[in-house]
Amino acid sequence: MLACLSAAIAIAAGAFGAHAAAGPAVEWLKTGGTYQLVHAVAVLATARRFQGPALALLFGSCIFSFSLYALALGGPHLLGAVAPIGGSMMILGWLWMAYRASASRNSATSASETDLST
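Residues in the sequence shown are numbered consecutively from 201, following the numbering used here.
By construction, these hints were calculated from the structure, which means they are not laboratory data.
Please note that a few of the clues may not be correct.
[Stated by the list, open to error] What follows is a list of derived Cβ distance ranges for each label pair:
no., residue 1, residue 2, range
1, Ala218, Gly275, 19 to 27 angstroms
2, Ala303, Ala220, 44 to 52 angstroms
3, Ala298, Thr234, 20 to 28 angstroms
4, Leu295, Cys204, 20 to 28 angstroms
5, Gly275, Arg305, 40 to 48 angstroms
6, His277, Met201, 30 to 38 angstroms
7, Ala220, Pro284, 32 to 40 angstroms
8, Ala281, Ser307, 17 to 25 angstroms
9, Ala218, Gly280, 18 to 26 angstroms
10, Gly274, Arg300, 35 to 43 angstroms
11, His277, Ser307, 46 to 54 angstroms
12, Ala215, Pro284, 21 to 29 angstroms
Think of the CB as a built atom: it goes at the ideal place given N, C-alpha and C, for glycine as much as any other residue.
My request is simple: use the sequences and hints to build the entire structure.
Right under this line is the structure:
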């Protein structure tokens, strides 16, 4: 449900950027919307198998994107310093997911090798 809400917000931000924003706000809304939408889809695709990493992706993309949306809406430039926190959470989410996928693949390989040796 949160990933669907995140995707809807991303689309709304993109529409606002395309039709109502001007200047640097257009790029901030476009960048935030793109990152948020891509990560919402990734969360929808992976949340059952990788709940922790998917939450890191979801919250990271929201922190990143919302800081850009706030800048686009005239918020203080200090909010730009929040974006790297969200970006770092997204990076950690992807790395955590890769680790978990690798670990589950290795344990599946070990189990099949054990089955073959018995």
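Hints, one by one, checked against the model:
| no. | hint | in the structure |
| --- | --- | --- |
| 1 | Ala218 <-> Gly275: 19 to 27 angstroms | 20 angstroms, holds |
| 2 | Ala303 <-> Ala220: 44 to 52 angstroms | 46 angstroms, holds |
| 3 | Ala298 <-> Thr234: 20 to 28 angstroms | 22 angstroms, holds |
| 4 | Leu295 <-> Cys204: 20 to 28 angstroms | 25 angstroms, holds |
| 5 | Gly275 <-> Arg305: 40 to 48 angstroms | 43 angstroms, holds |
| 6 | His277 <-> Met201: 30 to 38 angstroms | 33 angstroms, holds |
| 7 | Ala220 <-> Pro284: 32 to 40 angstroms | 27 angstroms, violated |
| 8 | Ala281 <-> Ser307: 17 to 25 angstroms | 40 angstroms, violated |
| 9 | Ala218 <-> Gly280: 18 to 26 angstroms | 22 angstroms, holds |
| 10 | Gly274 <-> Arg300: 35 to 43 angstroms | 40 angstroms, holds |
| 11 | His277 <-> Ser307: 46 to 54 angstroms | 47 angstroms, holds |
| 12 | Ala215 <-> Pro284: 21 to 29 angstroms | 26 angstroms, holds |
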